[in-house]
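Participant: Take a look at the letters that make up each chain.
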Amino acid sequence: MVAAMSERSCPNCGAALPKLLRHARMVNCEFCGSSVVLEDEVVRKAGEAGEMLDAPELIRLGHATALPGGVFEAFGHVRYDYGRGHWDEYHGSFDGELVWVSVDEGDVVLQRAVAPRAVPKGGRRLFRIGTEITIEGATYTCTEVDNAEAVAFRGQLPEPVAVGDLHLFANFTGYKGAIVSGEIWNEGAAWFEGQWIDPFEVTPL
Amino acid sequence: MRIVIVMVSLAVLGAAGYASWYGIGTVSRDTGASSVRAGSVGAAGVRRVRVK
Amino acid sequence: MTGAVRSIDCTNCGAGLKVLGGGRVTTQVCGYCGAALDANEDYRVLEVFAGMQRPASPFRLGMTGRIQGIEFTIVGTIGKIERYDGRTWSWVDHQLYSPTHGYAWLTVEDGHTLLTRKIRDWPVGPFLTSRMVERAEARPSRGWRRQTFQYYSTSSWKIDFVEGEFTWRPTRGARGVTVSLMCNSGTPQMLAYADNGSEREVEVTRYFPQAAEAFGAEPPMSEGIHALQPYEPKSSSAFYRRWFGGVLAASVVGAVGLSTVGVATTTLWDGPVREMPEALVFEVGDTSRPAVIRLRHNIRNEWSAFGVTLTGPDGTLLAETFRDISYYTGSDWSEGSRSTALGFQPQIAGPHQIALELDEASTPSVADSALRVMVRDGQSRPLWLWMAAGLFGLAFLWSASTKLRHKAARWSGSDWTEEDD
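Residue numbers (the working numbering), protein chains in the order written: chain F, 1 to 205; chain H, 1 to 52; chain S, 1 to 421.
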């Protein structure tokens with residue numbers, strides 16, 4: 001599932017891009033800091049990859065991390081800023097399965113995309129505290145709504161994320177630490193189902 | 001502390017062993033030279049009177 | 001977490017305040033003037049808690065320490081009190097923050113330090129409220145991470161002091177209820193259902209005695225045994241258990257040995273009193289220990305009184321006394337005994353002589369009933385060893401029950417009472 005694709009070079013500076021993963025649709029040029037979008041066989045510069053300020057991180061790009069139930073290896077890292085602080089989202093392989101892991105001041109959530117048929121309908125109207133949604137029989141209540149800006153990305157991502165884009169996020173809390181999060185931005189929306197992870201059970205390998 | 005407790009319990013064990021072996025407490029008070037000399041001879045008067 | 005703002009000036013009193021918490025902090029309370037500031041709106045004053053008394057705690061804002069290898073900073077302090085039945089309990093909760101591991105609480109209660117963390121994987125079953133506890137007929141319990149937690153106590157607390165940074169808005173005087181459950185096995189842990197009126201959280205608390213050392217604070221003086229304090233066997237308790245077990249066994253073996261390995265009993269006479277010779281002669285070999293003469297008179301609803309004269313081998317009078325026997329019995333009762341004994345300390349080995357004379361009796365026919373006269377020398381008395389065994393047994397139980405007694409002390413603070421109906 002996670003296999004390397006052909007080698008490419010940066011459309012901005014011509015430097016060789018890292019070996020690309022089959023699922024990658026976006027990569028940052030480590031040489032000039034451009035963010036490069038891969039569309040079919042074409043590479044295109046989409047902007048800058050942003051500045052990733054040093055901050056203590058629970059998960060590091062390219063390093064294996066043990067999570068309850070498996071090992072996670074991050075290929076891509078996006079940072080969202082909400083004004084007073086930021087949180088990190090990591091895309092990578094969890095025992096071979098591609099997942100997102102979000103880390104926000106000790107709140108660690110392993111997220112998988114909600115199946116398209118199960119995505120709740122209602123769009124932006126759902127992004128309000130107290131709203132209840134149902135996904136595959138389980139009920140979740142909206143507990144948090146936040147605007148955040150994608151400020152930086154590193155590595156390879158399965159979808160383009162434009163640095164500077166404003167995203168509206170909402171967290172819906174369900175039973176036994178189950179979390180659904182929705183995210184809306186100019187070009188689209190995404191829904192994830194997640195499971196809360198105790199940060200003390202996240203250990204770098 | 002430990003040595004004190006060990007010594008005390010050994011003393012208790014020793015004393016109980018000694019007293020048990022030598023049958024301390026089995027000698028009746030009305031036996032022995034002293035009891036006889038004390039004048040218990042002809043003690044009939046001391047005897048309780050039965051009513052039953 | 002952004003790292004830009006590291007200190008601010010209190011917008012109420014102007015005091016310089018360090019910003020130690022992360023981006024999720026919403027409220028900062030000035031430790032100088034008690035002003036609650038809105039961290040999301042340029043630290044505007046929300047309200048002022050004047051004249052707060054800082055509770056005693058060895059921990060201060062800004063102290064850092066490692067918990068399971070992760071560095072946490074003390075970013076907030078909350079003093080809580082509970083009044084019930086004329087008594088007051090107070091404790092201090094310190095808000096801890098780590099950029100990677102989030103928020104936790106360090107509690108100082110009766111000098112014991114505890115660590116509390118919020119959990120997201122709530123136990124199965126509804127959120128346990130104090131009302132549910134009041135209505136419960138059996139001690140409520142919940143299962144969490146393969147452990148069973150049983151109801152411990154309900155605490156109705158009030159915030160008395162607040163200082164520092166919080167991810168919520170604490171106010172002095174705010175009330176809350178925490179229902180605590182404790183696990184019965186393994187490392188002691190408490191599961192707390194905390195309800196502050198607007199938010200409900202489930203938290204897990206563990207004993208954290210390393211806190212003072214980890215944060216470089218003066219270790220507080222702890223009082224009593226805390227409910228969460230794990231049992232730590234002292235090396236001496238194992239020693240005492242073995243020692244008292246040993247001396248107990250020794251005294252039991254001795255007592256049983258003395259009771260079973262007896263000296264043979266010699267029967268001097270077994271027949272009607274009337275036919276008994278005037279004097280019975282018996283040999284005493286052991287002069288180190290007492291000898292005992294036993295009379296067994298086979299009477300029923302009668303009494304008899306014997307004059308006893310005991311003479312030593314050299315003619316010394318060893319005893320001149322009497323022995324009564326009386327035995328009365330009905331369909332379901334009996335009184336008295338058919339036996340009596342005379343113990344004496346032989347002075348010289350050799351033939352002793354005992355003269356028994358039936359002085360008085362309830363009826364003349366008593367003289368026809370059978371009397372048995374037995375003697376044994378080298379008499380021991382295992383009773384003393386049995387008494388020592390009893391003493392050592394108690395000491396053994398005490399030393400063997402330290403763990404149980406510790407557990408009982410831990411649960412003694414529970415407010416659950418079983419109803420009798």
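Treat the hints with care, as some may be off.
[To be verified] Calculated pairs, EDC-like style, for lysine to aspartate or glutamate (alpha carbon to alpha carbon, straight line, at most 16 angstroms):
id, chain 1, residue 1, chain 2, residue 2
1, F, K176, S, E201
2, S, K407, S, E232
3, F, K176, F, D198
4, F, K176, S, E203
5, F, K176, S, D121
6, S, K118, S, E199
7, S, K158, S, E232
8, F, K121, F, E136
9, S, K118, F, E132
10, F, K121, F, E132
11, S, K118, F, D198
12, S, K118, F, D107
13, F, K176, F, D107
14, S, K118, S, D42
15, S, K18, S, D42
[As the list claims (entries may be wrong)] Covered, in the sense of this in silico footprint (three residues per stretch, anywhere, with C-beta under 8 angstroms from a C-beta of chain F), are these stretches of chain S:
id, segment
16, 19-32
17, 42-52
18, 120-130
[Claimed, not checked] The calculated label-pair distances, taken between Cβ atoms and stated as ranges, are:
id, chain 1, residue 1, chain 2, residue 2, range
19, S, R145, F, V145, 16 to 24 angstroms
20, H, M7, F, P56, 23 to 31 angstroms
21, S, E199, F, E201, 22 to 30 angstroms
22, S, S185, F, E136, 48 to 56 angstroms
23, S, S401, F, A113, 54 to 62 angstroms
24, H, M1, F, P56, 43 to 51 angstroms
25, F, A64, S, M132, 40 to 48 angstroms
26, F, P68, S, S198, 47 to 55 angstroms
27, F, V145, S, Y32, 33 to 41 angstroms
28, F, E136, S, R206, 34 to 42 angstroms
29, F, N186, S, S185, 51 to 59 angstroms
30, F, N147, S, R146, 37 to 45 angstroms
No lab work stands behind these hints, which were simulated from the structure alone. Backbone N, C-alpha and C define an ideal beta-carbon position, used for all residues, glycine too.
Participant: For this structure, which hints from the list above don't hold up?
Facilitator: 7, 9, 14, 17, 19, 20, 22 and 26
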